[in-house]
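Trainee: What follows is the residue order along each chain.
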Amino acid sequence: MHVCPLRQSMNKKNGVKKFKAVVVGASAGGIKALGTVLSAFSADFPVPILVVQHLHPNSDSYLIHMLASQCALTVKQADEKEAIEAGTVYVAPPNYHLLVEEDFTLSLTVDPRVNFSRPSVDVLFETAVYAYREALIGVVLTGANGDGSQGVKLIRKLGGYIVVQDPATAEAEAMPRAAIAAVRVDRILALEQIGPHLVQLINRGCQITDI
Amino acid sequence: MDDIETQNLELQLLLQAVYLKYGYDFRNYAKASIKRRILHRLTAEKLPNISAMQHLLLYDEGFFGRLLLDLSINVTEMFRDPNFYLAIRQHVIPQLRELPYLKIWHAGCSTGEEVYSMAIVLKEEGLYDRTQIYATDMNEVVLRQAREGIFAISHLKQYTANYQKAGGQESFSNYYSAHYDHVVMDKSLKKRILFSDHNLATDGVFGEMNLIMCRNVLIYFDRDLQNRVFNLFRESLCDNGFLCLGSKESVRLSTHSGVFADVVKEEKIYQKRLHDLSC
Ligand SMILES: C[S@@+](CC[C@H](N)C(=O)[O-])C[C@H]1O[C@@H](n2cnc3c(N)ncnc32)[C@H](O)[C@@H]1O
Numbered sequence: 000m001h002v003c004p005l006r007q008s009m010n011k012k013n014g015v016k017k018f019k020a021v022v023v024g025a026s027a028g029g030i031k032a033l034g035t036v037l038s039a040f041s042a043d044f045p046v047p048i049l050v051v052q053h054l055h056p057n058s059d060s061y062l063i064h065m066l067a068s069q070c071a072l073t074v075k076q077a078d079e080k081e082a083i084e085a086g087t088v089y090v091a092p093p094n095y096h097l098l099v100e101e102d103f104t105l106s107l108t109v110d111p112r113v114n115f116s117r118p119s120v121d122v123l124f125e126t127a128v129y130a131y132r133e134a135l136i137g138v139v140l141t142g143a144n145g146d147g148s149q150g151v152k153l154i155r156k157l158g159g160y161i162v163v164q165d166p167a168t169a170e171a172e173a174m175p176r177a178a179i180a181a182v183r184v185d186r187i188l189a190l191e192q193i194g195p196h197l198v199q200l201i202n203r204g205c206q207i208t209d210i
Numbered sequence: 000m001d002d003i004e005t006q007n008l009e010l011q012l013l014l015q016a017v018y019l020k021y022g023y024d025f026r027n028y029a030k031a032s033i034k035r036r037i038l039h040r041l042t043a044e045k046l047p048n049i050s051a052m053q054h055l056l057l058y059d060e061g062f063f064g065r066l067l068l069d070l071s072i073n074v075t076e077m078f079r080d081p082n083f084y085l086a087i088r089q090h091v092i093p094q095l096r097e098l099p100y101l102k103i104w105h106a107g108c109s110t111g112e113e114v115y116s117m118a119i120v121l122k123e124e125g126l127y128d129r130t131q132i133y134a135t136d137m138n139e140v141v142l143r144q145a146r147e148g149i150f151a152i153s154h155l156k157q158y159t160a161n162y163q164k165a166g167g168q169e170s171f172s173n174y175y176s177a178h179y180d181h182v183v184m185d186k187s188l189k190k191r192i193l194f195s196d197h198n199l200a201t202d203g204v205f206g207e208m209n210l211i212m213c214r215n216v217l218i219y220f221d222r223d224l225q226n227r228v229f230n231l232f233r234e235s236l237c238d239n240g241f242l243c244l245g246s247k248e249s250v251r252l253s254t255h256s257g258v259f260a261d262v263v264k265e266e267k268i269y270q271k272r273l274h275d276l277s278c
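Protein chains in written order, with numbering that gives the first Met the number 0: chain D, 0 to 210; chain W, 0 to 278.
Worth flagging that the hints you see were computed from the coordinates, not collected in a lab. Treat the numbers as computed from the prediction; the structure is a model and nothing was measured. We treat Cβ as the ideally placed atom computed from N, Cα and C, and that holds for glycine. There could be a bad hint or two in this list.
As the list claims (entries may be wrong) - A few chain D residues facing chain W, derived, Cβ under 8 Å:
(1) Lys80
(2) Thr87
(3) Tyr95
(4) Leu98
(5) Thr108
(6) Glu125
(7) Thr126
Claimed, not checked - The calculated lysine-lysine pairs, modelled on DSS-like cross-linking and capped at a C-alpha distance of 25 Å, are:
(8) Lys156(W) to Lys122(W)
(9) Lys45(W) to Lys156(D)
(10) Lys75(D) to Lys247(W)
(11) Lys34(W) to Lys152(D)
(12) Lys19(D) to Lys80(D)
(13) Lys122(W) to Lys80(D)
(14) Lys189(W) to Lys156(W)
(15) Lys264(W) to Lys75(D)
(16) Lys156(W) to Lys80(D)
(17) Lys189(W) to Lys102(W)
(18) Lys34(W) to Lys19(D)
(19) Lys45(W) to Lys164(W)
(20) Lys102(W) to Lys190(W)
(21) Lys80(D) to Lys31(D)
(22) Lys80(D) to Lys247(W)
(23) Lys102(W) to Lys122(W)
(24) Lys45(W) to Lys20(W)
(25) Lys152(D) to Lys45(W)
(26) Lys156(D) to Lys34(W)
Just chain W, with the same shape it has in the complex (with noise of 0.2 Å):
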């Protein structure tokens, strides 16, 4: 065993400590990734290898909050991919629009950028109202600032250009007040959305849902938990329900593809079949 193997080992042993102690399962993520950002942690650090982590990570709780905040990459923005939301309006609304009631699951919302963008399309479609949206991620301290609703203004012009270009009726600025360095999202936004703790990799089915969208989450798992969390998107589905995934992510070499059909193939939106063909 050469000292890259060696590394690996130490890697793995790791993650399994972090499971163990700690509950939270990072052993079926992609390792490139993880190892990349492991590695940072060891040099700001200065420490001398993975092992001497561990210890670090045995006994010093605080040290786990920073490495937890190292492996959940919680980059995101409002109105990611506008074509997407562009294909929600015209593709999968009109099919929402004849249900009485509404159930959406946000899973890995991160800080809260997409699910305000949907909670803005369902606003101007007419559908806020008789929707209940769940918007969960595993990590506390970006729910908290998902549940605040500020974002910084830099970002701003760009969240703008994007509203725009996903079909936006109005003008943006309506759906915020705006401070010295931050905006703060409207009050009438929030009102159905509830924000909770849920982990993918270790929680179980989530509701009765029309509509869940998980996007550029499960980029970060491998195969096996990737078909996990299919599973678990399937049973948490009605019948008819729609599943929207990140641009570069897809369910077609899963083993539930059968299940779901395409809606709209190139922004990755499936819709559950009827009839279950897998089975």
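Isolated chain D, as found in the complex (with noise of 0.2 Å):
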């Protein structure tokens, strides 16, 4: 896309980056994925987490009720323009992408499919990062199809970061692999160690000199 990198002046004090929003991509071996990866945040966890997880078209809110079960955090189903509040986990509605506006309120279409998915990570992702820019922590789990690795191209160019579920610990390894080999990542980690590097990812910040 026609968009030069981000000079990375915003959002630093004293060296340090605050990240404000997470998105999460997941698909085959996703919702137990999920679970793992969010039963790590406490209910003071300060941004919005936004997750796509592909589902069948008919599902029904299945989902939501097993991830709120295992996490401290308000977790539903996305609405169209609500505005996004942190400490909330928001989940795409099955057969409905998930886009985020730049005045921070989410939108729903049912625009054709993306990477044979709707929801679609890469919409998530793309639209994501043009609302948080490098303020914004992509993260891929497991999954059988290509389908996230659009967004972490874009991600990585306009200065966010990037973290991807090792492949030998997902349940299908295509999805993970797909990001890795799409762009430099910051950090391939094993499945319960995304949680808790996210905790501390948001609460520290990160090192410019990490990046």
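Two chains, two frames, some hints: make the complex.
Mentor: Structure (structure tokens):
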């Protein structure tokens, strides 16, 4: 896409970068993996988390209940035009793409599938990074296709932070592998380490020299 | 102003140019989706930036045709959300049955799958012959397809399953004739459907309707445009007329919420109140 890399000038205080949102993409094996990651967060987690999990188009709200039971944060299905709030997990509804607007509200669309998927991880990541820019953390978990790899490219380009599940710990390794092949990622972590790493990143920020 | 802000400015100017030159108004659509599609077109045309696209747009009408197709998302299916049609049969049809003559408006009907689905329901409920159906879209290309009523056979398995879940009473194959790779919807379904061009962003009130169906169109609009369209629907509905939205759409956060009572909340089926609470 035709945007030059951002000068890393905003959100920095004393060489520490503050993150403002986390986007997570998961597919095959993702429900369990998401539960593990989200269980690391306490109720005062100070940023929003936006999730795309590939699901059958007619699935009900099983995923929401499942994640809510494992997580101290509010977990809800994303509503159209909803204002994004800290400490809330927003999950894309089945059969809709989830997009982030630059005024930090959510949009849903029935645009064609991307990477055979609706919701698509790329669509969430690519729109979220225009809103949050370098203050975004993108997380790619287990999955059996390459969705998310375009999204992480744009996150890289605009200076965000990328965490990928170690394919060796993933139920399906194609999705994390595709992300790792697409760009230089910041961390490749075993599933259990991802949640704690995110907590640390959010609470302490990240040294600019780390990036 | 950094590069992303500059690009957003270019995008705003492009939509302004589309409106001023071609009359299509996308200025109040939700931005993220529009931006994604414009950037895809940019890559496909190998253009350096949106300003270069602006030039093409202004001097090449063929290019505008392609852009318009990018900007109008026509994804649809027959009996999408089968439970919605079930709710129509159970909660709306009984009230419509009381009326001597019915007018129904499908706004944003795309290639017509939704219109033929509803026509089938009306037929099975014995209301078809006293109904006039208006089906509109801003996109002439999809309207032509809708008029033909020709659909790819590859979808038929899913449509048949949807039809059955939606309370279908016949064999779905009664409603079309199958050819090599497509099906043609039965002529008798088309008899009372009038397809025509109407843009919800720029055109006005449309008759005195008993039911308006506008599904998966409003999610593409910003709040201001949504409110404009709700006002249009309010003025186009008779008292007790029904408004049916897509499963992720709602009148509740609009300025016209008070005008509409819930009929089936989960399926986003509303009814215009006799006495406008908002006046
Ligand atoms: C995603 S489709 C929905 C089709 C169908 N109602 C359904 O739910 O399956 C959206 C349709 O709305 C049409 N549309 C978008 N903006 C419009 C406008 N301003 N006026 C009329 N139609 C519009 C598009 O051309 C497209 O055919």
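Trainee: For each hint, tell me whether it holds in the structure or not.
Mentor: Now the hints, each set against the structure:
no., hint, in the structure
1, Lys80, "7 Å, holds"
2, Thr87, "18 Å, violated"
3, Tyr95, "6 Å, holds"
4, Leu98, "4 Å, holds"
5, Thr108, "5 Å, holds"
6, Glu125, "7 Å, holds"
7, Thr126, "4 Å, holds"
8, Lys156(W) to Lys122(W), "21 Å, holds"
9, Lys45(W) to Lys156(D), "19 Å, holds"
10, Lys75(D) to Lys247(W), "14 Å, holds"
11, Lys34(W) to Lys152(D), "17 Å, holds"
12, Lys19(D) to Lys80(D), "19 Å, holds"
13, Lys122(W) to Lys80(D), "37 Å, violated"
14, Lys189(W) to Lys156(W), "22 Å, holds"
15, Lys264(W) to Lys75(D), "18 Å, holds"
16, Lys156(W) to Lys80(D), "34 Å, violated"
17, Lys189(W) to Lys102(W), "15 Å, holds"
18, Lys34(W) to Lys19(D), "22 Å, holds"
19, Lys45(W) to Lys164(W), "45 Å, violated"
20, Lys102(W) to Lys190(W), "14 Å, holds"
21, Lys80(D) to Lys31(D), "29 Å, violated"
22, Lys80(D) to Lys247(W), "10 Å, holds"
23, Lys102(W) to Lys122(W), "14 Å, holds"
24, Lys45(W) to Lys20(W), "23 Å, holds"
25, Lys152(D) to Lys45(W), "19 Å, holds"
26, Lys156(D) to Lys34(W), "17 Å, holds"
Of the hints listed earlier, those the structure fails to meet are numbers 2, 13, 16, 19 and 21, in rising order.
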